[in-house]
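Protein chains in written order, with the working numbering: chain A, 36 to 452; chain B, 5 to 340; chain C, -15 to 174.
What the hints contain is simulated information worked out from the structure, not anything from laboratory work.
Even for Gly, the Cβ is constructed at its ideal location relative to N, Cα and C.
You may find that some hints are simply not true.
Unchecked claim - In silico EDC-like links for lysine to aspartate or glutamate, alpha-carbon gap of 20 Å or less:
#  : chain 1 : residue 1 : chain 2 : residue 2
1  : A       : LYS377    : A       : ASP293
2  : B       : LYS298    : B       : ASP313
3  : C       : LYS147    : A       : GLU71
4  : A       : LYS377    : A       : GLU292
5  : B       : LYS200    : B       : GLU280
6  : A       : LYS397    : C       : GLU50
7  : B       : LYS119    : A       : ASP365
8  : A       : LYS397    : A       : GLU295
9  : A       : LYS346    : A       : GLU406
10 : A       : LYS346    : A       : ASP405
11 : C       : LYS147    : A       : GLU295
12 : B       : LYS119    : B       : GLU150
13 : A       : LYS259    : A       : ASP293
14 : B       : LYS200    : B       : GLU150
15 : A       : LYS377    : A       : GLU400
16 : B       : LYS298    : B       : GLU195
17 : C       : LYS147    : A       : GLU75
18 : B       : LYS310    : B       : ASP294
19 : A       : LYS397    : A       : ASP414
20 : B       : LYS119    : A       : GLU236
21 : B       : LYS119    : A       : GLU81
22 : B       : LYS119    : B       : ASP71
23 : A       : LYS346    : A       : ASP365
24 : A       : LYS377    : A       : ASP336
25 : A       : LYS397    : C       : GLU46
26 : B       : LYS119    : A       : GLU227
27 : B       : LYS310    : B       : ASP257
Unchecked claim - Facing chain C, from chain A, some residues (calculated, C-beta under 7 Å):
#  : residue
28 : ILE203
29 : ALA207
30 : VAL208
31 : GLU209
32 : ARG210
33 : THR307
34 : GLU310
35 : ASN389
36 : THR391
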Amino acid sequence: MLRQIEGSRAVAEAIALARPEVICAYPITPQTHIVEGLSELVKAGELRGCEFINVESEFAALSVAIGASAAGARSYTATSSQGLLFMAEAVYNAAGLGLPIVMTIGNRAIGAPINIWNDHSDSMSMRDSGWIQLHAETNQEALDLHIQAFRLAETLSMPVMVCMDGFILTHAVERVDMPTQVEVDSYLIPFEPRQVLDPAEPVSMGAMVGPEAFMEVRYLAHHKQMQALELIPQLAEEFELRFGRKSGGLLRSYRCEDAETIVVALGSVNGTVQEVVDAMRAQGVRIGSVAITAFRPFPLDAVRAAIGHAKRVVVLEKSLAVGLGGILSDGVRKSLSGIQLKGYTVIAGLGGRNITRASLHKLFEAAGRDELEAVTFLDLNTSVVERELVRERLQRRSGPTAESVLRQLGTVASGIG
Amino acid sequence: MDPRQPVKFYQTGTFTVGNRLLDTDERSVQANMERTNSLNSGHRACQGCGEALGARYALDAAMRATDNQLVAVNATGCLEVFSTPYPETSWQIPWLHSLFGNAAAVASGVAAALKVRGREHVRVIAQGGDGGTTDIGFGCLSGMFERNDDVLYICYDNEAYMNTGVQRSSATPLAARTATTPAVGPHPGAESGRGKNVPVIAMAHNIPYVATASVANLRDLEEKVARAILIRGARYVHIHVPCPLGWGSAPADTIRVARAAVESGLFPLYEAEHGEVTGRTPIRRRVPVDDYLKLQRRFAHLFSPKRDDARLGQIQAIADRNIVNYGLLDTEDARG
Amino acid sequence: MLQVRIHGRGGQGVVSGAEVLAVAAFLEGRHAQAFPSFGSERMGAPVMAFCRIDDRAIRLREPVMEPDALIIQDATLLHQVDLFQGLSRSGTVLVNSSRPLEDLGLSTLLERTPDVRLFALSATELAVRHVGRPVPNMPLLAAFAALTGVIGLDSVIAAIRDKFPARLAEPNVAAACEAFDIARKEASHA
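Please take these sequences and the hints and turn them into a complete structure.
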């Protein structure tokens, strides 16, 4: 049924349709509306057969989910940014134990400096933990991916992170098609755990593994993620069959067939990118874009097939490997191993800096003329940066950097862009 | 005052913990041939490990009380490490090792799952050492108490981070030597004015049941766990378990040391419900704290090269205060 | 695609306004996207919300930089913040003010962009009278509907009822209807 609701609400309702059994929640902007929505559904009796637990920290949240999943219950939690870091130990633990927990990440920047707005630094920090990571482009895809995520997680016995851009998606009210309980039930079978705490068949879970076996255990985890490369497209296909729309999968190409320039990105910025692609195509420029949905496992072959024929690739990413450059770029570069083409990394939107059509249009035109640096920080205020560098060179006691930059910029509240 | 007893020439009537010559209902769980051996032999604990002893008694008692419907969640620590040397496990019950600081939260999750699946007859124990309970696991523990989650948390308190090499925890007592509170300088060993009394903190959460226990009194331990495991809501049992390696006591002395802690008043045995003390196990034969401290090399610096009367006085004062606060002596006599 | 930007201060229902506008468009079978400006919103601080309406799926994710219409819920912002940044040359501006248009000091704007349509509505007064609270968002939306014809009054009313519980919705509906009538009369004179 078509609804015009906030992204968080859409996700909450989708989770509810997936018949979760244990939900644990700790508040952090910007995911809070999701768990608030779920707590309402449980309290009002609309979501039955579900325990909703208000925990005292994010670390506790994922820990409760771990216990619940190990005891055979379909478990869910959500977090962002600092919260994800606070549960980092448990993130690796859940993956190592092979527990099919689904967790929403309302993507938000990690401090310092503290920032509540969107970028991908949080989920990126856990990219090697062994969790599957899926990125939603729209709120429709966000709600769809959660349904697919439970099926994916439980089939593989591996936890799944569904990433949706904080504020941009979580707080946007837009049209979504909410599936019915019957439709979801036909797609999601009840949870059949691979391992479970049961007095009838006792097992020990979480043993210490020494040098003689650790490599094998880790290899098996790696192998399992590779299996996801097959399973993700299969589940997306089945989803399209049952629900009547394309959602999920490894990646989606837009007007790439004869493109000379291809832009690659994760998440909601792909919408804006597609608008710019259309505008430039209307001007006769051969440009296209690829929205990668599955970031982990990284779909090397699929990316190679999607972009390998282009002259140049612009990776537009909301993440930064400090001291190195791009993170998404690394995966893309690896997929192009052996293929000669020009690659540009554009770091954009950090901490919620708006990525505008106008900026992207200029950027893609410059890329087309091969006038971009290897790594560009989009819309960087170079005069502010320069002034700060000079200040620091002149004074030892230069004070906190962030505060100094803010002071240079003056009041923040009244700006629009 | 003990009532006069007839001289016994045989041990048939005593309540020695292993005595199988008693009636079946008077036998301890461990003396029972049908015990579950939840923590089976073959684990890698040190000779004389108090924690292995305590865990074995506690879990078998819980298994019997719940008719073997039990799940255990274990924090990282000695118990977890010596009981599961990959690829072996000495656990005969469903058992999950999570992380160091989250046993209480993970157990809450297990309890929630069992409840939502209509299997509330299966009970949940969370267990860990003092490090995982009083320090790194404290936040999760308090959260579990506050929510009154249906979990029995058992803390095996050997008063330091033993598994990693005897470092100080907030359960480390005054003057004890550990690797991070060495016996050097003007105030050797752990400083005064520190430490956390988690049983009292548990009581402050008003949870249904809190108890302290010791491997010195294993029947008392079994009874308390058997009682606790059947209560609904958050429960906490804090068991004093000597560590011969960390305490520098003889492996054969583990029970003697534990008994001295109880009989000196340093480790009071009591029960509490909803924040009020409801019972205590009285001291039968009071001893001065010296009798306890002298058995452990971690307190050797209090006696040699010369007696540290000041520190010993402080420790004795702690024991005296416990005796008064918990009413541990039947008589008014405050000195042993 | 129509782009609307709503300006106001925290606590004046700016975000709800954008949402109700989006729901009204949705009820007419159109695509709509509404989102706030995500500032550290405090009561009284300047805030913005955005709404896009189109007949096909809306993919754009940037703030509304080139509004076709502006709804200004708090006239004290007029000379503090550059509210008109990016406004379309033939855009519509609706200001919540009890003072007449001439007194708002917007002559420079009109000189620069003479095709801009400017309207004032005493929405706060309407809100206080009907709802008992100085939250002008719903009357302004109804006036917007009358002035631009982008959405119908029925849709606005249905959207208000969708978003708010009855005891809040009905007084707002009443305020909205009155605002709609006032604006429609003004629009036919302009």
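Verification of the supplied hints:
For the proposed pair LYS377(A) and ASP293(A), the alpha carbon gap of about 16 Å is at most 20 Å, so the pair holds. A threshold of 20 Å between alpha carbons decides the hint, and for LYS298(B) with ASP313(B) the separation of about 14 Å falls inside it, so the pair holds. Our distance criterion of 20 Å between C-alpha atoms is met by LYS147(C) and GLU71(A), whose separation comes to about 17 Å. At most 20 Å may separate the alpha-carbon atoms for a hinted pair to count; LYS377(A) and GLU292(A) meet this at roughly 18 Å.
Taken as a hint, the LYS200(B) and GLU280(B) pair is honoured in the structure, with Cα atoms around 19 Å apart against an allowance of 20 Å. Pair hint LYS397(A) plus GLU50(C) holds up; C-alpha atoms about 17 Å apart against a cutoff of 20 Å. With a C-alpha separation of about 45 Å, the suggested pair LYS119(B) and ASP365(A) falls outside the 20 Å cut-off, and the hint is violated. Only pairs whose Cα atoms come within 20 Å are accepted, and LYS397(A) paired with GLU295(A) is accepted, the gap being roughly 17 Å.
Restraint check for LYS346(A) and GLU406(A): satisfied, since their Cα atoms lie roughly 14 Å apart, inside the 20 Å limit. Taking the CA atoms of LYS346(A) and ASP405(A), the gap is near 10 Å; set against the 20 Å cutoff, the hint holds. With a CA separation close to 47 Å, the supplied pair LYS147(C) and GLU295(A) exceeds the 20 Å bound. Annotation: proposed proximity of LYS119(B) to GLU150(B) holds, straight-line Cα distance about 18 Å (limit 20 Å).
A threshold of 20 Å between alpha carbons decides the hint, and for LYS259(A) with ASP293(A) the separation of about 35 Å lies outside it, so the pair is violated. Taking the CA atoms of LYS200(B) and GLU150(B), the gap is about 18 Å. The hint holds against a cut of 20 Å. Of the supplied pair hints, the one linking LYS377(A) and GLU400(A) holds, its CA atoms being roughly 14 Å apart against a limit of 20 Å. Annotation: proposed proximity of LYS298(B) to GLU195(B) holds, straight-line Cα distance about 19 Å (limit 20 Å).
A hinted pair counts as satisfied when its Cα atoms are at most 20 Å apart, and LYS147(C) with GLU75(A) qualifies at roughly 16 Å. As the CA atoms of LYS310(B) and ASP294(B) are separated by approximately 14 Å, the hinted pair is consistent with the 20 Å bound. Between LYS397(A) and ASP414(A) the CA atoms are separated by roughly 11 Å; this keeps the pair inside 20 Å, and the hint holds. For the proposed pair LYS119(B) and GLU236(A), the alpha carbon gap of about 19 Å is at most 20 Å, so the pair holds.
Distance hint between LYS119(B) and GLU81(A) is fulfilled; the C-alpha atoms sit about 18 Å from each other, no more than 20 Å. Distance restraint check for LYS119(B) and ASP71(B): the Cα-Cα separation of roughly 18 Å lies within the 20 Å cut-off, and the hinted pair is therefore satisfied. Between LYS346(A) and ASP365(A) the alpha-carbon distance is near 18 Å, which keeps this suggested pair within the 20 Å criterion. Between LYS377(A) and ASP336(A) the alpha-carbon distance is near 19 Å, which keeps this suggested pair within the 20 Å criterion.
For the proposed pair LYS397(A) and GLU46(C), the alpha carbon gap of about 15 Å is at most 20 Å, so the pair holds. For the suggested pair LYS119(B) and GLU227(A), the alpha carbons sit about 17 Å apart, so the restraint of at most 20 Å is met. The suggested pairing of LYS310(B) with ASP257(B) is violated, with an alpha-carbon distance near 24 Å, which exceeds 20 Å. With a cut of 7 Å, the hint placing ILE203(A) at the interface with chain C holds, because the nearest CB-to-CB distance is about 6 Å.
The closest approach between the C-beta of ALA207(A) and any C-beta of chain C is roughly 4 Å, which is under the 7 Å cut-off, so the hint is satisfied. Below 7 Å, beta-carbon pairs count as interface contacts, and VAL208(A) has one with chain C at about 4 Å; its hint therefore holds. The beta carbon of GLU209(A) comes within 5 Å of a beta carbon in chain C, closer than 7 Å, and the hint placing it at the interface holds. With its C-beta approaching chain C no nearer than about 6 Å, ARG210(A) sits inside the 7 Å limit, and its interface hint holds.
A cut of 7 Å between beta carbons decides the hint on THR307(A): the least distance to chain C is about 5 Å, and the hint holds. Given the 7 Å rule on beta carbons, the hint for GLU310(A) holds: about 5 Å separates it from the nearest Cβ of chain C. Because the smallest distance between the Cβ of ASN389(A) and any Cβ of chain C comes to about 5 Å, under 7 Å, the interface hint for this residue holds. Hint status for THR391(A) relative to chain C: holds, with the closest Cβ pair at about 5 Å, below 7 Å.
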